[in-house]
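2 protein chains.
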Amino acid sequence: MGASSPAQRAVLERAHHGGGWLLSGIICINILILGCALVSGSAFNSVAITAVHRQIFLIVLLVLTMLWMLFYTAVTSRMDQAIVFKDSHAGPVWLRGGFLVFGLLSLLMDIFKIATYAGYLHCDSAVKVAFPVVQAVFLIVQTFFLWTHAKDCVQLHTNFTRCGLTLTLSTNLVVWMAAVTEESLHQTEIPDLYVNVSHKMYRANYGDKCKCSHSACDTFKEAFYYLYPFNIEYSLFASALAYVMWKNVGRLVEDHSHPHVKFRPKEVCFGPLTGILLVVAGLATFIMYEVDILTEDEEKRNLALLIHFVMNIVIVSLMSLATVIGCIVYRLDHREHVSEKNPTRSLDVGLLVGSSIGQFIISYFSIVALLATGARGYLNALNLSWALLTVLQLGLQNYFIIEGLNREPFHVMQEAALHTNAHAYTEMSTVIESNRSTYQLTSTKNKLNWKRRILKEVSAFLLLANIILWIMPAFGARPQFDHPTEIKFYKFTMWAAIVNIGLPFGIFYRMHSVASLFEVYLFS
Amino acid sequence: MGASSPAQRAVLERAHHGGGWLLSGIICINILILGCALVSGSAFNSVAITAVHRQIFLIVLLVLTMLWMLFYTAVTSRMDQAIVFKDSHAGPVWLRGGFLVFGLLSLLMDIFKIATYAGYLHCDSAVKVAFPVVQAVFLIVQTFFLWTHAKDCVQLHTNFTRCGLTLTLSTNLVVWMAAVTEESLHQTEIPDLYVNVSHKMYRANYGDKCKCSHSACDTFKEAFYYLYPFNIEYSLFASALAYVMWKNVGRLVEDHSHPHVKFRPKEVCFGPLTGILLVVAGLATFIMYEVDILTEDEEKRNLALLIHFVMNIVIVSLMSLATVIGCIVYRLDHREHVSEKNPTRSLDVGLLVGSSIGQFIISYFSIVALLATGARGYLNALNLSWALLTVLQLGLQNYFIIEGLNREPFHVMQEAALHTNAHAYTEMSTVIESNRSTYQLTSTKNKLNWKRRILKEVSAFLLLANIILWIMPAFGARPQFDHPTEIKFYKFTMWAAIVNIGLPFGIFYRMHSVASLFEVYLFS
Chain E
1 MGASSPAQRA
11 VLERAHHGGG
21 WLLSGIICIN
31 ILILGCALVS
41 GSAFNSVAIT
51 AVHRQIFLIV
61 LLVLTMLWML
71 FYTAVTSRMD
81 QAIVFKDSHA
91 GPVWLRGGFL
101 VFGLLSLLMD
111 IFKIATYAGY
121 LHCDSAVKVA
131 FPVVQAVFLI
141 VQTFFLWTHA
151 KDCVQLHTNF
161 TRCGLTLTLS
171 TNLVVWMAAV
181 TEESLHQTEI
191 PDLYVNVSHK
201 MYRANYGDKC
211 KCSHSACDTF
221 KEAFYYLYPF
231 NIEYSLFASA
241 LAYVMWKNVG
251 RLVEDHSHPH
261 VKFRPKEVCF
271 GPLTGILLVV
281 AGLATFIMYE
291 VDILTEDEEK
301 RNLALLIHFV
311 MNIVIVSLMS
321 LATVIGCIVY
331 RLDHREHVSE
341 KNPTRSLDVG
351 LLVGSSIGQF
361 IISYFSIVAL
371 LATGARGYLN
381 ALNLSWALLT
391 VLQLGLQNYF
401 IIEGLNREPF
411 HVMQEAALHT
421 NAHAYTEMST
431 VIESNRSTYQ
441 LTSTKNKLNW
451 KRRILKEVSA
461 FLLLANIILW
471 IMPAFGARPQ
481 FDHPTEIKFY
491 KFTMWAAIVN
501 IGLPFGIFYR
511 MHSVASLFEV
521 YLFS
Chain D
1 MGASSPAQRA
11 VLERAHHGGG
21 WLLSGIICIN
31 ILILGCALVS
41 GSAFNSVAIT
51 AVHRQIFLIV
61 LLVLTMLWML
71 FYTAVTSRMD
81 QAIVFKDSHA
91 GPVWLRGGFL
101 VFGLLSLLMD
111 IFKIATYAGY
121 LHCDSAVKVA
131 FPVVQAVFLI
141 VQTFFLWTHA
151 KDCVQLHTNF
161 TRCGLTLTLS
171 TNLVVWMAAV
181 TEESLHQTEI
191 PDLYVNVSHK
201 MYRANYGDKC
211 KCSHSACDTF
221 KEAFYYLYPF
231 NIEYSLFASA
241 LAYVMWKNVG
251 RLVEDHSHPH
261 VKFRPKEVCF
271 GPLTGILLVV
281 AGLATFIMYE
291 VDILTEDEEK
301 RNLALLIHFV
311 MNIVIVSLMS
321 LATVIGCIVY
331 RLDHREHVSE
341 KNPTRSLDVG
351 LLVGSSIGQF
361 IISYFSIVAL
371 LATGARGYLN
381 ALNLSWALLT
391 VLQLGLQNYF
401 IIEGLNREPF
411 HVMQEAALHT
421 NAHAYTEMST
431 VIESNRSTYQ
441 LTSTKNKLNW
451 KRRILKEVSA
461 FLLLANIILW
471 IMPAFGARPQ
481 FDHPTEIKFY
491 KFTMWAAIVN
501 IGLPFGIFYR
511 MHSVASLFEV
521 YLFS
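Protein sequences appear in the order of chains E and D. All residue numbers for the first sequence refer to the UniProt record's numbering, where the first residue is 1 and numbers rise by one. All residue numbers for the second sequence refer to the UniProt record's numbering, where the first residue is 1 and numbers rise by one.
To be clear, the hints were calculated from the coordinates, so they are not data collected in a lab. There may be inaccurate statements among the hints.
Unchecked claim - Cβ pair distances, simulated, as ranges:
1) D/ALA381 - E/ASP124: 40 to 48 Å
2) E/VAL133 - D/CYS327: 51 to 59 Å
3) E/LYS211 - D/GLY476: 50 to 58 Å
4) D/ARG78 - E/LYS451: 34 to 42 Å
5) D/PRO484 - E/GLY377: 45 to 53 Å
6) E/PHE71 - D/ARG345: 29 to 37 Å
7) D/ALA381 - E/PHE71: 32 to 40 Å
8) D/MET79 - E/ASN449: 36 to 44 Å
9) E/LEU121 - D/CYS327: 31 to 39 Å
For clarity, every value in this text was computed on a predicted model and none was experimentally measured. Don't be surprised by glycine CBs; every beta carbon is placed ideally from N, CA and C.
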């Protein structure tokens, strides 16, 4: 395999590209759009299509997916020659780790759901209990399946496996759509901005027809709505993993393992130090915010919002500043771009840009609403600055990360300098580059080049800042709903839809950025 | 250039891949999301953001895009070495032809708009006249620009050109969003299902504050709303052309012109004949439908709907049947898949699948609504069958077209048989293939192979059937609004949004299919 030319390999790969990928794509589109129609139908017309219809559809999808997964684990993956190659880039540890954590929290959600709806069994549909039971089993099967097989490049049963993987992908996306819609509807039931009231309202609505048979019902119901965002994240992660596996079906990769790069945290200090300070300060204000925002005292709530906005503005400004410095260093530094094609890298970049759109949408909708209403009052002015700075920060950070990932790692350059430089296409550049590489080779033994040092400091700082920006929304900060301007401007339903679709992507974006920045740190 | 290896070329292309594409992507996302927020803001909150704000934003975008286009035409494209290569696959004649026709109709729309709003100048904002004026100029500049430069692979000013092209892309998409929203809102003003009433309503609404100063106002206003769908199509076409140009910036292609394939219509007869019959029958029922649907007599309208549904079911069933036959022939026929990478081909396939999603969405939403309400009455039953068969037909047709485009054309195989077969990777397959090719070489001189014959008949039939399925919605058939089930189920606003977003994509899909089927016909 090692000696085959790229052209020959392309032909071989093409030969594996039968009708399977086409058929699997068609299946995926059909399930997705049918799911979309069903979910919207049950949201907009609760008379003809109820939650029960939607849940029956989901149960069918979940069972089918599980059957395929069991078949794959028991038959396909056990066959000889089925999995000769593994894609070392696929399913990195952070993704699978996050996947496991969110899976556990989703399992908890399902247990709470089962406990809640079991109390209504005497007067409500049994499907409402059956669905979380099936979903809990599915969570266990899927987490095990993707944990063990995420890196597989399957060579046998390719067409069937492709269809199975798009079934997994579309099932997870339909579950995601259903969860987002349910969450939005649940929030829309809130008559004003107090969460406490909503809970009482909800209980009252439900209670007049059908009473829960055990006393813990309310606690469970309150608890499982807090766990919804984790289930939403879990579905997104599972979709990403299934998509990578789908891309890897029939792929022939050479088994070059990840170049081992030593992580030496002592190399840098200023970036991590500022970053840790920022995380601690962010955590402190976040806890204050979470406590104060639930009080009935309007002044206290406004103060909490003020502190939250100021803290976020400080974080985002510092991040933008750091990223600008990093981008300038890239301009000065003339490392070669990686020319090798790498599907996982392309997917990484695609996911990064795609998930950043969620945060972009929320920020731009805020900007338009605030500008149109004149941004009167200090809270509106702060909110506007936050949104503007976030847009700037997202653009800069995307640029920084993608540039960083696309450059030849320094350690690879060092190795290349020892061999003849095969890639350089003019003599001139070869000479320049090998000179530079040799220089780095000698210098890095003792101390880092100042450019590398700055890049490492910047990535470490951005990494920590992204962690705090991840923690705040992931653990419940929703200034978008605590501050009334956008709600009044767009009406509650629309604003809830925008935030509930955009924010999970935003959270995913921050986690993904942390992982990518870690890679940029290692490669610099 | 001819002698350079693929690897070397990849490096060269990479070298051109500076920060430009990243920056241009970030610009594109920002304009699009800001545009989306503005358009939704003006649709959902007409107090703070009016149509005037949106139009000012659009004028700024249009002027900036025009300035860049003029700069490109006057400076960049005139420079030495700027356009050494042309992509012969980009901007095919059907796309540029449709683009020109839709451009002319959009120009007409703008002229009507100017005439209408000029009559309100004494009491309404001057921006409402300024916007169509600017848009008319923009239409001329852009149509000229894309007509002459669609095939360019620019080698100079690459970063600036990339940003200019994404600016063009996002401007067109924002214009598209604005047009779709305006069209939806206009239709939502209709209090019941009669178009005539809406017009009177609209006039009444506007008339009480501000009267038109000339008498032709109403005629013009009625006329320009009929031309909206063409403007929507025009924006989609322009976006597709700009995207291909953006992909081609800095690309080094060998200037192999399209292999000349002779179009001999006498080769086939059954397919085209049935197709033409279908087109004629479809046109006849379409005209009847358009006349009868506007009458006040409910029975006559139901009859018109009945005939329209039956005709569509017949067309779609015959198409599905023909496609199944075609797919079976593909199974029997073992032509090699094309292994060469071709960005325009990938884009073609992407556009085909992407635009089919529009029709998929409408059909699935219909299916869910009809099934949930029980599909009572013959009209509902027919509508349901139509939707189900459309889903089937779309899936099959996508499969047929993509398979057809991905196979090595027969004439190329004949040439290859004369040389040594460089691509075959085992001796076995070389022998088989050259045998087969030689056989075809001798046989095709006189008569077509039966497999080729069937494929040609099927593609010709599908081509003509797609034409009639294009004509009907493009020239105003909207059974989705003439039949009340879905409107009642999803509420009018939501259903109007689904149809107005989905249908333009559906129309684009039919046109695109016609072009792709023509290619499949030639390659078979």
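- Item | Broken hints, by number | Checked against the structure, the hints that fail are numbers 1, 2 and 9, while the rest are satisfied.
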